Every structure is written in structure tokens, then in C-alpha cells.
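Spelled out from the first residue to the last, the chains are:
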Amino acid sequence: MVRFAGEGGQGFLSAAVGFASANTRAGYHAQTFATFPSQITGGPTWMQARISTSPVLSRGDDLDVLVVFSEDAYNTHKDDVRDKGLILYDSDKLQLEDGDRSLGIPFDKLGRATGNPRAANMVMMGALAQLVGMPQDILEDFVKSRWGNTDRYGDQIVPQNIQALMLGRSAFESNITLGDLEPPIKPDYEQIFVNGNEAIALGAVASGLQFYVGYPISPATSILIWMEENLVGKGRFAYQVSSEIEAITAVIGASYSGVKAMSATAGPGFSLMGEGLGLAWMAEIPLVIADVQRGGPATGLPTKTEQSDLLSALNPAHGDVQMPVIAPGTVEECFYATVAAFNWAERYQGPVILLSEHSLSEGQQNIPKPNLSELEVENRDVYSGEDGYHRYEPSDLSPMPLPGRPGSYVANGSEHDGMGDTTHLPNRHIQMTERRFGKLKLLDDGTYESEGVESSVALMPWGASKGSAKEAYLRLIEIGEDLAWYYTMYLSPLPPRMLSELRQKELVLVPELNYLGQFSGVLRSQGVRAESITQYTGLPFKVSDLVTRISDRLASGRKRNTDI
Amino acid sequence: MTTEEKPRSQKKGSKNPEYDFKWCPGCGDFGVRRALEQAVEMYLMETEEPIENTVVIAGIGCSGNMVHLLEGPQPYGFHGLHGRTLPVSLGVKMARSDLNVIVVAGDGDFLSIGMEHIAPQAQRNLNVCAVVMDNAVYGLTKGQGSPTAHEGMITSSTPYGKPEDGLNALRLYLTLGVSFVASTVSSKIKELAKLIRDGMNYPGFAVVHVQSPCTVYNDTYEQLKGNVKKGIEPLAWGIDERHDPSDLEAAHAVINKGGVPMGVIYRAPERVPFDVRIVEMAARAKQKTVQDMMNSYTL
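Protein sequences appear in the order of chains A and B. Each residue of the first sequence is one higher than the one before, counting from 1 in my numbering. Each residue of the second sequence is one higher than the one before, counting from 1 in my numbering.
Honestly, the hints are just simulated from the structure, not real lab data. Note that this is a predicted model, so its numbers are computed, not measured. Beta carbons: idealized from backbone N, C-alpha and C, even for Gly. Be aware that one or more of the hints could be misleading.
[Claimed, not checked] Here are the simulated DSS-like cross-link-like pairs (lysine-lysine), alpha carbons at most 30 Å apart as the crow flies:
id: 1; chain 1: B; residue 1: K288; chain 2: A; residue 2: K369
id: 2; chain 1: B; residue 1: K257; chain 2: A; residue 2: K234
id: 3; chain 1: A; residue 1: K369; chain 2: B; residue 2: K286
[What the hints assert, rightly or not] Now the in silico label distances, taken between C-beta atoms and shown as ranges:
id: 4; chain 1: B; residue 1: E164; chain 2: A; residue 2: L516; range: 54 to 62 Å
id: 5; chain 1: A; residue 1: D381; chain 2: B; residue 2: A119; range: 49 to 57 Å
id: 6; chain 1: A; residue 1: S373; chain 2: B; residue 2: E116; range: 40 to 48 Å
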């Protein structure tokens, strides 16, 4: 595991992604993680890549290699380097005493020596490759495929970059090494290398998305940019609107007219969408809103990660509403959660919240390439009869009329009768309220993971805490702890069978990145003896922290039992 | 619960017994409704489109009930949020540019809580027609002053007189770049019907601003029409036939005369509507299939 840390704009982000990408092409598994301040350039920024011969579950705790570009970065990150780990530093920018475990390399100077002023990141990659004994052809393959055919200056850049890799390799004595990386076990399936936001965007278009509008907001902006670049052509519309209020109401208008529509936002924008989400629930308009969570409330921590929008996601609007919520826990799940969100929305004809996180949005990972031909994509039941239709009359789901076809009605955000006219009759409000909640029964097909189910204590993370929690779980099992594992991305409604299993447990521990312990509160309200392990640092859980905190909690539980 | 409701798309005169909202006697919105029905009839005759290709999007307030009270052939209706008629219409029109999209809203809805949405549609030249019913008050919530209420006006929310200036909505539309701006009063049903029809046919963003008096909280019929016996000069006046609506300066001059001009004030020539701009933009972009998009990430 390697971390690059310095000031934003020093070019090392591309070194981390490039290193991860080159390794995944060679058959390794990789996961990157980045964090940076809310400013255009500069400020303390770091990005790391964890490379493994098996799929990477979390971003990882301790560093094998730290590459630093400033004194501040060195001081901030040096304690995260594991025993016998290495520190590489940019000797153009700072001076450390070279010792067994630290080493200065003039990345920029060496990079420029190739004639390409932007080759410093290649020097870094070369140095790293030397440290872990990575064969040169892996890196050269990456350089050739990245710049060889696609870049119009490829003829120059490829040899310059290869030279830079070599300069990085020979920048220090070869007796410093981390030992050789095990050879890769190349997966026998096709893979893609994406981050969470790209996976959401791909999931949306694979679900038949035709209409996307959004407003720039970290960390969801890259979905808007992606859509504006890719979702163009006949019958497709991707566009930056003037606010999140315009976004949600335009999405409603588009879906009312019959096309699959979505927007993505983060906490502040999600708050602005609350009234519109209530309208979509009330008027029964299918749509998907992705909330890529960041630290809150208000402007909060725009570029840090947190899982603190769960309660807002469940109840974004005033009034009697229970919003379906799907929260992916991995980059791969970002794709499938998006497909599931569209399927749910189309099936029950209402809004679905896709609850992602900053750590997923910026994390690059290799995942199996989704097979589009095997994907199950659902479409709403469309009314095809004559005029005189009472769109809202039945006590449960009914086909949706679309403008341009017979069956006109009023889609109404006021309480309404069968044809959509406003009403105040108590019986109607009872009927329509029960109709809206009754449709949620159609969403009881959420899947879940479970292991060690006979244990009376369970670990159940949600969202992107899944990775660290899974690693912690495996370590705890290894040391003999008696612990069950539960996980689902379907947070509302929860898979009914999973819920009944959880209700049997003496204790369900929920690691989550918020102060309130939001998900354990939800579980308790549904009769589960749940308790949170919280963290609110703006960063994901470290596996070692989780192992300690879970062990401590299990030990205190046992002590309490023996005291009785 | 009754099942004897009016089937939509029936001829006029049928009633939905469960729907109990009523406009007050003499409400200006009755005239707007009649004019809107006539405009839609004209549009259907001229285009030979079926009624289900027309969508009427309403906001909240007395005017928002228009979608439930329309008689005759029933278009699709949308009764959404206070202030958000225009962005809903953006979604409908850009998802389905084949549809004829009409927005109906009151002055509070359109010009107060919803004002932020006028400028973007004007810049885009979104091809919808908005009919704004202006009575200078929030009638349904019992008579609070709206942006178009004049300075000093006593309303339930301004017991000592409205402290700020009244908004000149017509000037606002021109300033924000609305392509088609018309104005009249609700009692001129035939003229209003033609203006709405013209707004619907105009390929771009059209606003038809109608003085639609509230007989309970702000009865302005007499001021609009004038009263010779009482020496009240009429506020409403017909725009001279020689006015050239393609001339922006002339349009400003019409508004600067004050009162309530009746007719087409401005009609921008040759402005490309938003849906056409998007089609043209898409033609410049590389067309990708979903599989193409997926493959671009293949290792």
C-alpha cells in the first residue's frame, strides 16, 4: 500500500491512479482512496493505492510506502507508515536524513530530464516498481496503452515516459526493497477500472436513463460531468440546471412524461430536493436521486466522507413518507445499486434514493465488467386503455398513463381522488395514504449477505463501511471471536427475512460514520437490539480501530454476563 | 366514496362531485379558464393534434386549480409545488419535445417563490407558454400582498400599507429576456384566448400576463375598466396596431406608458428554442452506446 501526500496540483494523484491502473492491467487488484481540501489548487492532499493479489476490501490502514512532497505532509502521515515501511520524499521540496527507511528522489528534476515537463509521476511509478520488484513490462504496457494510440503526441510521450520510469527505477541503490510482490493471479473474467461515481453513471445508462439534470456539488459533480459528456443523442438529455430545486422538479416533469430520469447531489442539494421528493411520492412519479454523502450538516465537510444523511434519505420530505433507500457499499455495488434503484422506482412508481459516499465516489477500483445482456431492467407498467381512466383509484399499484396517449389525469401533489382531482375527504386520505405505503410491499426482494448466523452477536455495517468492517470481521473470526456477519445495501425497506433474523440476535453492532448512530437507531425502531460503533472524523474506518472497538465491546458484554 | 365521477376527456358541463374547490363569484380566473379552453380548441383545430398531446402544469393557489376546473376535452394535468411550474415544464418539454406545454400560475407563485426560474427559461428560450394570473394578492391564504401589490396597499400581511415598491412584472420579463410577452385582462376572453394561442404557437418562451382580479381581496375590475361617472381613468389600454412587437425598445416604451397594456408587447424574432438547441448540440457530440461507455473502462 502506497500513499502520496503533498500539496494539491503536484501531479501525484495521477501517479496513484496510474500505478493502480497499471497493476490492475497486470492482474493485481487495486483500490485507491483520495482526500483533498475544498479549494481549486494546493492545500493538503493525499491519495493512496492498495495493491493486492486478491480483491481489495478496504482502503487499508498502514502504509508500505509513503511518498511525500512537503514537510507538512511528512509530519502528518509519517506515523501511518508500518514497521519496516519506506518513506520516499521529493528532495527538490524537502530534506530528510536519508536512512534505512527514507530516501530522497528529485522527482521533478528527473522527470524534466526526459524532455517532458509532466513526467514526474512516471518517475514516482518507476521508483515504486523498483521497490516492490515489479517487472518493467507491466508499466510499459500501461504507458503504451494509455498514450500510445490515443494521444496525438504519443510518439513523443511514450518514450519520454518510459525513460522517466527507468530514471525512477535507478534513482536509488537496489538494496532497499520491500521484497518482491507476489505474481498476479490474473482473473479469468473481463474487468473495468472505475470509481464509484462512474459506476453509478454506468448503472444509470445501463438501466435506460434518458434524462439527467444536476447542479454542481462535491462529491457528486463528476456524475453530472459524465452525463453531459456521454448522455447525448436522440431522446437523451443531460444538462446543468440552475439549482437542485430545478433539478428535482425537472426530473419529476421528465418522468411524468414517460422517460427514466435522475439527478445526483450531496447533502445541501439533497435538503433542497426534499419538497420535490415528497411530490414524487405523492403524485407517484418514478425517479432516482443519488445522494453522494459528504460531511454535514450545512456546508459541512464538502470533500470528506461521512454516513450522516441516512435519516434525511429515509425522510427527506415532510409528511407521511417512507423513502426507499439503497446504499452501495463498494464500487461494484455502486453499479448494481443504481440498476436496482431504477428497477424499484419503475416497479412501485415512486422516488428511490441511492445513498452513496465520498469515499466511494473518489475511489478507483477494478471490478468485474458488468454484462449488459444479462442485466434485468424493469420498466413501469404503462396505461394503454381509453380515456376515462382513474389513475389513482385502485388500492395498490396501477398502470401509469403517459402524455401523448389516451388516459389523461392530473398528477397531483395535493391529496387526490382516483382521477387526480384534489380532495379533502377523510376516506380518500386513508385510501391514498395506504395505497402509497402499500406499494412498498413490492420492494421486499432486497438481497443480503450473512455469515456465522448461529452467533448471537452480529456485525452489520452499512454503505462504504462494509469494506473495513469485513476485513475486521475476518480478523476477529481468525482470532476465534464468535460473531455473525450481516450486510445489505437495501436499507429501506429492509429485506424482511434478514430483519427477522436480526431480531433474534442479542446484539447487533453497527459501525457507521456519524455521531447519532443513525442506522442502529433505525434498526432499534424495528425491534433489533442494535448498537453503533461511531466515528466522525471525515475519514473511513481503519480496520485495526474496528477490530479493537468490536473486541472491547464483545469483552465488556461477556463481562456483564458473568457479573449477572 | 363515490364512483360516479366525471370521466376525464368528457364534454363540458360534467362535474366531479368529490372535488369541492370553487373560485369565488366574479373571480377573474373564470375568464382565464374560458380563454384557455378556447385557445386549446383553436390549437387542436389548427394542428390536428389529439388533446392528450397537451399538458397543463399548474402551481399552487387559486390559479393552480385551473387543471381541475378545465371543461371540454381534458389535457394531461400536473398540479405540483408552489413556485415550481417552470422547472416541471422544463422536464416535460425536454423529455418530450413533441408535447404542447402550458404553464398556469398566479403572481405569488410565478413572481415571488418561483421567480428564480424565470431567468433560466428565458436564457434557454424554453418552448412553453406560461399564463400568469395576477391579482396582486395571495387569495387562497386570505389576501396577503404579493410582489405585484403596489406600495402602500393595505392587505392582511401589510396592515399599515405595503412598505416596498410594487413589481413591474412586464418590465421584468423583458429584462430577463423572455422571448414573447403579452398582457391583457381576464374579462377580454376572446383577446386573451388569441394571445394564449399565439403564445403556444410561438417557438420559444412565452409569458401571457393577465390581470385576473380577486373579488374578495383586491377587486380591481373598476380600475382596469375605468368609470367615467366616478372620474376613474381605465388602467387597461389597447396597444396601438402600429406597434412593432419585434422591436425591443418599442416594447419597453409600451410598458413605460404604465397601466395595463393589452396585446402582444414583445415577440423576439428568430430565437432558437431550447429543444432545437439541444438537438443541434447533440449532433456535434460523439454518439455512444451503453456498451461503448462500458468498454471505455475495460482493463
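The hints, checked one at a time:
For the suggested pair B:K288 and A:K369, the alpha carbons sit about 18 Å apart, so the restraint of at most 30 Å is met. Taken as a hint, the B:K257 and A:K234 pair is broken in the structure, with Cα atoms around 46 Å apart against an allowance of 30 Å. This hinted pair checks out: A:K369 and B:K286 have alpha carbons roughly 23 Å apart, not beyond 30 Å. A hinted range of 54 to 62 Å for the beta carbons of B:E164 and A:L516 is inconsistent with their spacing of about 42 Å.
Between A:D381 and B:A119 the Cβ separation comes to about 38 Å, which falls outside the hinted range of 49 to 57 Å. Judged by the Cβ atoms, the range 40 to 48 Å given for A:S373 and B:E116 holds: they are separated by roughly 44 Å.
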